[in-house]
Amino acid sequence: MTLEANQVQLANDPNTIDPRVFPPTARRGRECQQLKLGGIRATELTQQFGSPLYVVDEDAARARAREIREALQSEARRVGTEATVYYASKAFLCVEVARWMAEEGLAIDVASGGELAVALKAGVDPARIGFHGNNKSVEEIARAVKAGVGTIVIDSEIETERVAEAAAAAGRVQRVRLRVNSGVHASTHAFLATSHEDQKFGQPLSEAPRLVRAILNHSSLDFVGLHCHIGSQIFATEGFRESARRLLSVYGELAEIAGRPIPELNLGGGFGIAYTSDEADNAPEVAVIARELADIVAQSAQDLGIALPKLAFEPGRAVIGQAGVTLYTVGTTKPVQLAGSDAEQDPAERDFAERLYVSVDGGMSDNARPALYGADYQVRIANRVSDAAPALVRVVGKHCESGDVVVQRDVLPGDVQPGDTLAVATTGAYCWSLASNYNYVPAHRLLRCATAKPA
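Heads up: the sequence shown begins at 9 in this note's numbering, then just goes up one per residue.
If you are wondering where the hints come from, they were derived from the structure by calculation, not from laboratory data.
Nothing here was measured: the structure is a model prediction, and the numbers come from that model.
Some clues are possibly wrong.
The calculated SDA-like cross-link candidates involving lysine to any residue, where the alpha carbons are at most 25 Å apart (straight line), are [said to hold, decoys possible]:
#, residue 1, residue 2
1, 318, 257
2, 208, 272
3, 318, 222
4, 98, 151
Hey, can you work out the whole structure from these sequences and the hints?
Written out as structure tokens, the structure is:
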């Protein structure tokens, strides 16, 4: 079977486990045909831990972290510089995951005192931690400085004074970056022409010289470079190209102010991933992104006649997203007739006269992204395969909200029934982190995380 034919099968077969969406180690058992994660049957995990259950495949997470780090660092070396890769704590953080990432050579970025505490508990070298956030408290800053955090990202003018005071009180010189807005927004590959972006993070790029002067006035601060984050779930590098050019365009002036070259540039990241088979063909390859980003920065530095800085990246969900799967138990199913006009609005639904609502024992309390962002996911029956005719399904939760949707639209065998175990792919990022206790759905089922590893 050709690759193209195989991808069509992956997209159309409601039993197939797509390795571009599920963890690469996930597969159907040869005899039982049950979904296995890291060699463990999904039903064994739910029997032991209950459901809903977040499952993170350690081997998949480590392999992805290693792949991204090696790609970005090797390409940086190719153009004559170095690169640091940060794992985004906000995507998913627990002590074990922080350990994995540190052991795979990633630095850790945190955005709160709580995330910092978890990273330190995991034994992460404080010098390998970056502290983000637009509203770091005085206490959080003091704690970070005292712990020896490698870099604090200054988000506002007020923070310059706060970090300087904390560093002076601790008798330290604190490395800092200044977060700026380049005026480029790449969430949909559309550029904003203005240099002032209306958002809560960072400072206008035009303010960088003045703010850097303020930083340099403090002997307790060591300014190492600018930081910029242009968006999230990014599938192309055009935005990075324009952002890097704009950021580096001020490095010459900043070097004159500092009396030395500016040593680092953090381009952020937010690399995109595929949540469904339909998205997989367009998902960016890490090696391609790494090569293009290295070329972008090297060419921009050459064109501007400035020293090539060391680079830092924050790939975000791309590290952990695909390694996670959430397991649910079906409670009820309910067919609903599709109105003709509704079906006509979405070509994917035209072949179906009805939609099957499949209710599970979790919902927006363990995955808020569909309600918050309209995010969609892919679902499969985990405990069996079926040759029943495919049905258009919407997987919904048990919460008292009409927007409590887990999977907006997918196709499952039409005999999906109460008691089935469902597996929703690519839930490693921003599901655990955004979980709540809405409706007091039993918290112990939401707060368990099984690490699937082959025996």
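Q) Which of the listed hints are broken here? A) none
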